[in-house]
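Take a look at the letters that make up each chain.
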Amino acid sequence: MAETATRSKSASSSGSSKTRRAGTRSGGNRSQRRASEVFPGESPQTLCDYYRQMALIRRFEERAAQGYTQAKIGGYCHLNLGEEATVVGLMSTLRSDDYLFTNYREHGYAIAKGIEPGRVMAELYGRSTGTSKGWGGSMHMFDVESGLLGGYGIVGGQVPLATGAALAIDYRSGDQVVMCQMGDGTTNIGSFHESLNIAALWNLPVVFVVVNNHLGMGTTVDKSSAESELYKRAVAYRMHGERVDGNDVVAVREASSRLVERARETGQPAMLETVSHRLKGHSVVDPGKYRSQESVEAAREADPVAAFRAQLISAEVLDEDGAVEIERQAEASADAAVAFADDSPHPNPETLFDYTYATPVANDSRRLPADPVF
Amino acid sequence: MAETATRSKSASSSGSSKTRRAGTRSGGNRSQRRASEVFPGESPQTLCDYYRQMALIRRFEERAAQGYTQAKIGGYCHLNLGEEATVVGLMSTLRSDDYLFTNYREHGYAIAKGIEPGRVMAELYGRSTGTSKGWGGSMHMFDVESGLLGGYGIVGGQVPLATGAALAIDYRSGDQVVMCQMGDGTTNIGSFHESLNIAALWNLPVVFVVVNNHLGMGTTVDKSSAESELYKRAVAYRMHGERVDGNDVVAVREASSRLVERARETGQPAMLETVSHRLKGHSVVDPGKYRSQESVEAAREADPVAAFRAQLISAEVLDEDGAVEIERQAEASADAAVAFADDSPHPNPETLFDYTYATPVANDSRRLPADPVF
Amino acid sequence: MAVITYRQALHDTLREEMLVDEDVFLIGEEIGVFEGSYKITAGLLDEFGEKRVRDTPIAEEGFVGAAVGAAMLGLRPVAELMTINFSLIALDQIVNHAAKIYGMFGGQCSVPMVMRTPGGGGQQLGATHSQNIELYYAFVPGLKVVAPSTPADARSLLLASIRDNDPVLFLENLSLYNTKGEVPEQAEQVEIGKAAVTRPGSDVTIIGYSRMATVAQQVAEKLADEEGISAEVVDLRSLRPLDRDTLVQSVRKTGCAVIAEDDWLTYGIGAEVAASLSDGAFDYLDVPVRRVAAAEVPLPYAKPLERAALPSADSLTTAVRETLDAVGRRR
Amino acid sequence: MAVITYRQALHDTLREEMLVDEDVFLIGEEIGVFEGSYKITAGLLDEFGEKRVRDTPIAEEGFVGAAVGAAMLGLRPVAELMTINFSLIALDQIVNHAAKIYGMFGGQCSVPMVMRTPGGGGQQLGATHSQNIELYYAFVPGLKVVAPSTPADARSLLLASIRDNDPVLFLENLSLYNTKGEVPEQAEQVEIGKAAVTRPGSDVTIIGYSRMATVAQQVAEKLADEEGISAEVVDLRSLRPLDRDTLVQSVRKTGCAVIAEDDWLTYGIGAEVAASLSDGAFDYLDVPVRRVAAAEVPLPYAKPLERAALPSADSLTTAVRETLDAVGRRR
Ligand SMILES: Cc1ncc(C[n+]2csc(CCOP(=O)(O)OP(=O)(O)O)c2C)c(N)n1
Ligand SMILES: Cc1ncc(C[n+]2csc(CCOP(=O)(O)OP(=O)(O)O)c2C)c(N)n1
Ligand SMILES: [Mg+2]
Ligand SMILES: [Mg+2]
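These protein sequences, in sequence, are chains H, S, E and F.
Position 221 of the first sequence, counting from 1, maps to 221 under the working numbering, and the rest follow consecutively.
Position 228 of the second sequence, counting from 1, maps to 228 under the working numbering, and the rest follow consecutively.
Position 43 of the third sequence, counting from 1, maps to 43 under the working numbering, and the rest follow consecutively.
Position 167 of the fourth sequence, counting from 1, maps to 167 under the working numbering, and the rest follow consecutively.
Treat the hints with caution; some may be incorrect.
Unchecked claim - Simulated pairs of lysine to aspartate or glutamate, EDC-like, Cα-Cα distance not exceeding 20 Å: (1) S:Lys289 to F:Asp46; (2) H:Lys280 to E:Glu35; (3) E:Lys51 to H:Asp222; (4) H:Lys223 to E:Asp46; (5) F:Lys303 to S:Glu350; (6) S:Lys223 to F:Glu35; (7) H:Lys289 to E:Glu50; (8) F:Lys303 to S:Asp343; (9) E:Lys303 to H:Asp354; (10) H:Lys289 to E:Glu35.
Please keep in mind that the hints were generated in silico from the structure rather than gathered at the bench.
Every value quoted in this text rests on a predicted model; they were computed, and no experiment measured them.
Could you build the full structure based on these sequences and the hints that come with them?
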């Protein structure tokens, strides 16, 4: 069991060969030297791309919050604000044919896994062009092509499913990997335990990622998990577990990549805990009154987008203008996503009975509330 | 986390003051000297009493198997054969006002916790004089007075209940302890995880005992638990866990007593794994064909009743005649239990609706199958 | 007599029972620090402390089971299940344990506990968060299931449930929390197991429970005002036991009935109601009992789809009108 | 055409489907080394190996959920839940996941899986091990639920279930495993969602499913032999969808009906059947639909109590006779 890692720059003991690591460009100019001190082995291009994605998710989530306030979006709406480094770091380590299962806090994952932001926003807006054709909403995004096998609203619900997907890969001797994202609070539910045991027992290629944002809704990790260093729980299954700073996109990428490639090559599951902060309430409607001033402050100070921006500038990977340009583009993308969503058609009520069954069946009920039975 | 213990004779670091330990009689004669070498600190009387109880459970279970074969007993019938040392060792550490929750393999526990064998057998026979008035059967014994708060047939079902009972003790600042017995296979189900976490989080006085008999029904521990040293799973809850030889009644008593008294004094839960063998099939009807010759042999060789008898004789706590006398008494008790059961009345079908609700309620249905609704 | 919300009625009753009985305590996810997902328990942690208001890990099976165990020793836990959808995770503890312990052990140990939980769709929460699965509890002997629709009933039935010695599933509804109604200072004792005729009438019986009982009431009033129709409204209030007599009595008088329910039609709560009426009022029914229920689909998120799938005042009105037309009783 | 047991029919069908489709695999507790609690899977581990016959830990939620996940990637898992009582632990994965995934994600991903599980009381297994809770599945859109009563139907419906692209709850019954019947070599394709008239008749319709369909058949034959009564028997076979048309057609002919079910009466499967008949055959029913079901108690262990609580050929016969008396059709 690894100790808490802050930024593990060394390659992993296994599986590094297949890692999609961005090549280092040993440039001759000062800024690249500077960059390679702060971010050894990272190409400026990759770093900028991470920032681009993080900025996009930030802007996207802000738009989602707006849309919710404007009642363009209904139901519950949980944002990735504060988790951008984690999301981007994790997603950068998955192949497009790898599978991802998440909880309901998944807008960022959907985007970083490769879905058009417009389709993600359209799902929030409940439109036919959305990732789930408007049937799922914020909590239930799905996209076969990019391998997002669902956001799930039932805490812990995705964990057995992800384990089963890994079983299918193993069954077919495929070389894909499943990533199963969940929150800290989810480690206390039975399905977590049952699934990690099964994954370890059967040696299934799944990486369980616990995004520790210190909170369930308002309940802290200390108040909900008797072992609050969550990655240590892997030991109950003889599974490798480790913790990484979830505010550090490169560190997350490193750790995740190591575990993903290990799973790909050996079939061994692992647990990765990323530690970061939730910048806002549990969902858009939650004012978060229960949080201490310090906790809110700590979260704000650790803001991964702001921190990464500052790092990039100080490392001279980006200058202020470059950063602003990226943010401008992110804003434009988020706005375009909103426009796309807003312009998209609502699902036709006549499609109500289209998705009850995949195989049509005799005597299926297709009754509307006012229809008589006979 | 303690390492595997075989026989921990030392007092526990905490909680020993209240331990009901049988006093050592430092006798002058040879046999007592001999006894105190093999069983340091144990009174012959206590040791004989353990043997008496173990022999009784052995005979009782043999009678239960007979009764089942004669169709005097219905349903499922799971026996404690091979687990007598564990049962007696554990039960000797509970006060009569401590609470016990078990699984469906609980006849021995019921007897050792202080219920008349006749009432236990009567329950198997489905009679009104049984521990559950014939409503529960083999899997569902209950007795308020002796603190047996139920045998439960749903694997893992008793674990949350036991945790809740400990919560009630804590709520009322009582000094009782709850013991929650379960099998090795039970450590893989969600309720185990949820409950151990809650017990540790809230510091509840409950000792979780995992009786590792190496098998679920036919599935071995290796095939069902990714961490097959089950006591180590306690670490996922920062809970103390240890393992003891379940064939050694004194070792079980020592370990259990230490953890029970620790729970009593500090409120801290713990997990105790006892390792022994199932001598026969999963239930009376199971021929156990799936078991390897070695496994069956190993079980037979480790037979705790035979082994303890031999030890007692070699330690000169008992001689052959004394042992035979104890066995004769055990047999007589078991026979008396059968006679009592057989002579007891069947429940009256008119009582069918007596136990649906504790508080009578308007419009409760009391319809028999042939009765019309109106 | 004060006019308060359904939420307030629940809150106040919990608080009062905690004040009068030391054995009553609250347990559930996010009920303390977060003050409850729907704020029913707001302020109670501050007032009563962690012992009486216990935030749990996300572990429905574990904490509901712990409540059952605590009840076995005589405490009176009131567990909050954040929504009825999540109660499925605790179902084994509720159905196989809470509901069985009294009977299975021959009446030696009762389980005096309450499980409060809201059901309900219509909030665009999607297929897994909008279900009405009270049937899962109403079906089970050993449980009692109540489903108040008004603040006054919420108060008296919660009182009755907490004081009852059996496990009670107390069904709330997301869309009722903000509804208002008169609640007497001194709660009347409402008996579990009794339906209420909440509006007398003679042309047709409309039967509902929880949210749809209030919709039934509105529809009845509107039909009276606008079309002079005299509809009798029966609020089931208790799903287990089911008060067949009150239902049958009403239909023997009106000769026809419409059932309004938020759950799915086939096998839904209304099926038993319709079956019971068709039996007990066989000679009195002029037309078949009509049921208005949700379309049988996983409820979609998008508003137009969700709206099409759920019963409403409109669909109920249509059904009542058609029923009256069929018996030739529309003026 | 061979006469084999229900158990054998299940076993053979599983084996054959595993032979023809590599994607079909079995998963469950004690199905391999132990050969299944009720020996349905005996020999299959030896023949197909651990990849195709997967013993699981005791973790119903985990392994059923894993089967759902595997089905999402196109495999065809057949999960065995040792008895339906234990399925409660997996209910969240079945109701909130297996049943929702196709709809909730807008039809992008189907879940082709089968959950085999026996229900049934009468074996003195006590309150938690004797339940008939198929209702929990039959109520849920997105699931299909079949309940064959004969070896032939067991075979054809299992075939249809495995080949279906939706999650199917396949209900067996402890007391049917040893029953025998003719099974054609080439299984006919039986459509899910269709009831069967297993005995034509004109005096009364007796409706059952699973074990009670066979009891209905026996009772009908005996009444014909001994009292010259012509009872039509309908075996529901599919609980979701429910084939209302076949039921209604029969009752429009006979004018009266008795439903036989092993589950509890109130809210049981028969409630929907009675409600549907009372509606669809309103003008044809001469007397109310009669239901024969289990007494609403946690089922006791002791034989005399258990016997009193469960429906049987005797109680069904009584109900049929009384129904015929009521319409004056007894000779
Ligand atoms: C089974 C279940 N119980 C309760 C809830 C309500 N709920 C939604 S999110 C949440 C907190 C989850 O916390 P965590 O796992 O840390 O994820 P985060 O929201 O922090 O990403 C709860 C209790 C639920 N959706 N499902
Ligand atoms: C939830 C649940 N799943 C499955 C079963 C069937 N079952 C009864 S006993 C058993 C094996 C239990 O093994 P273990 O926990 O080791 O206890 P042991 O029988 O060895 O004492 C199983 C699978 C059950 N009773 N409950
Ligand atoms: Mg969290
Ligand atoms: Mg075992």
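Can you give the numbers of the hints that this structure goes against, from lowest to highest? As far as the earlier hints go, not one is violated by this structure.
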